[in-house]
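Colleague: Protein chains in written order, with our numbering: chain A, 576 to 920; chain B, 343 to 602.
Rather than coming from a laboratory, the hints here were simulated on the basis of the structure. Hints are supplied without guarantee of correctness; some may be wrong.
Claimed, not checked - Computed cross-link-like contacts, DSS-like style, restricted to lysine-lysine with a CA-CA straight-line distance of at most 27 Å:
{"hint": "1", "chain 1": "A", "residue 1": "K631", "chain 2": "A", "residue 2": "K831"}
{"hint": "2", "chain 1": "B", "residue 1": "K392", "chain 2": "A", "residue 2": "K631"}
{"hint": "3", "chain 1": "A", "residue 1": "K915", "chain 2": "A", "residue 2": "K631"}
{"hint": "4", "chain 1": "B", "residue 1": "K498", "chain 2": "B", "residue 2": "K368"}
{"hint": "5", "chain 1": "B", "residue 1": "K484", "chain 2": "B", "residue 2": "K587"}
{"hint": "6", "chain 1": "B", "residue 1": "K368", "chain 2": "A", "residue 2": "K631"}
As the list claims (entries may be wrong) - Covered by chain A, according to a simulated footprint, are these stretches of chain B (three or more residues, beta-carbon under 8 Å):
{"hint": "7", "segment": "343-353"}
{"hint": "8", "segment": "394-406"}
{"hint": "9", "segment": "451-457"}
{"hint": "10", "segment": "542-549"}
In this text, all values refer to a predicted model and were calculated from it rather than measured experimentally. Here a beta-carbon is modelled for each residue, glycine too, at the ideal position from N, C-alpha and C.
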Amino acid sequence: MAYGLLIKNDDNEVLIDSDYPHYHFSGKYTHDSVTQVPDISYGGVANAAQGSNANKGMENMPSKGEIYVFTVPVDGTTPPMCFIKPTSSGTSAPYTGIVLTKQVSDEWEIHVFQSTVTSASPVLYCFAPLSQIDNTTSTTYGLKTFNSSGVATFDSRFKPLRVVGGGDIASPGLAHTGSNGSGYTVSLGINCSSSETSFTTQSSASDLIYYCPSIASACQEHTFSESDSGFHSWTYYAWARGDVWWCFYRSCFRIKSTSVFEANYGVYARGHVYEHVVDSTNVFAGLILGAITGGAYFAAAIAALIASGTFTSADLDGGNYLPYENSYRNNSANAFIISKASYYD
Amino acid sequence: MTDLYDINKTEQIGDEFILSVTLHSKVDSDWTDEYHTELLNNMTAHTQFKSSTGSMMTFDHNPSHEEIISKAEEYGHEFIIDKKVNQDFAYGNLADTRPIVTKTEGEEDTIEYTRNLHPDEFTNLYNQVPISIDLLPTSICKKGNLFYLYYVERLKPTQWFGEDETFFLYSVRIHEDTSEIKRKGYNKGNPNNLPEHRDILGERPIIAVGEYLDENAFTLYYPKILGEEVDPAIVDKPYLGSHFKDDILIYTREYKHDDI
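If we strip away everything but chain A, and leave its shape as in the complex, we get (with noise of 0.2 Å):
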């Protein structure tokens, strides 16, 4: 660097570049509402004849957590850095990350998905370059950098973002592990064990924010088929069922102290599609369950679903959210951030 500033810690680790923009803190947000991804439930017929009609809906199906959605005024083709203020933190606490952050018009959209439903709510601390936040202020003195261009990068007056701790972390692998289930019951809740990563310990773990946007996922299924035809009370007859009940888990996060950082899952979205065919008329060989898991029968029930509008009331874009069978996908090298909130409180 022939010109400009750079300041450096003991670590030689860099604190101020002039010829980056730096992130300045751009305003603490609360949600603008709450939704959840609309449950994927079809299936033709509810009181068959013959065969089963247990669990027919969601029953033993795992909870699944909700979506807070923000609006965060920063106008600007950069996206924000959004550190989430968990409602809680430690071991009871849910897991929390950011699944969305997407440009609107000239504000940006972000979706925090929790784990739980608690009453309390996360709230975001967002910071942004110094040209998409509202930089006009009274203050005449501190310190202020600008790139090569003659641009601003860096601006002591606005708050600029103060990282105290970090790193990387890996998400469990599959969410739920052992048994997915057995005939009509369904086994899919998150069992696996949160894994951890520590940072640079700190005073208080309920002042501390984090930025870690969720990129890991994981999805399992649970199917089951049943069949049956013979020759009975002077009748042919033939009928089979089959179902598929699936989950679909995001990766999210929590403080679990002052100087751990856990990742685990949360149920972003789950569905249940069946097939119940009673038939005594003929006989026929039974129901494929790949009929219904080979995509026609499924991209029914998902047509129907964005066709009713079930996804436009929740605010959500439709999709099947079954992108791939037992398995998990983007789980390592997650980079976090830690800040604290009463820095910019």
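Place chain B on chain A using the hints.
Modeller: Coordinates of chain B only, in the frame set by chain A:
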């Protein structure tokens, strides 16, 4: 190759192997698909139950067949279901191959032969029927001068019954000399609210009604022993049929499996 399970997908992430497996179950039975088809063709009461469970298994290596079986059993999966194959005691029952015997006071007992279980006797009687018949009946018997031909619901004899005439069991009576035909259809319960003649039958539950389509007559069927549960299409327990013509009781018959 195994018929116990199908592996739908194997995925390795790091050192972890994740298998999506469909585990199959079937009843403890030696019945083959071919035998099942034969039973269906013969209209023999039976069932063939199957189920499949989609399961996920994780291993730290690519598992062997034995390890998949072991994991399935650890999950509590039963490859063989201890579910009694449900045979009813209807005509063609494997458990009781004796024919249905009809007993009427003052008359000789009559025997009803089923096509698949008593083919020789069935054929012998059938060949004596004086008219041309489009569809082979399920069973046949002869009472006096009348041949009784029975057809199950699935094999509706459209030679004699119209589109609107629908029953769970059909019969036609064919006079051996005149070839006169009288038709009768059977309903479970008494859906058409025919007189139940409580003054004669008391509180006996009506399990079925046989309605004559060509004369003002019908038969009320009820358990022989009050309190017994009897399926009208199944003769696991004896039941009675009281025949009324012009609202006058003509006779009462008993139906049951019996030795010839």
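Colleague: So which of the earlier hints does this model not fit?
Modeller: Of the numbered hints, 1, 3, 4, 9 and 10 do not hold.
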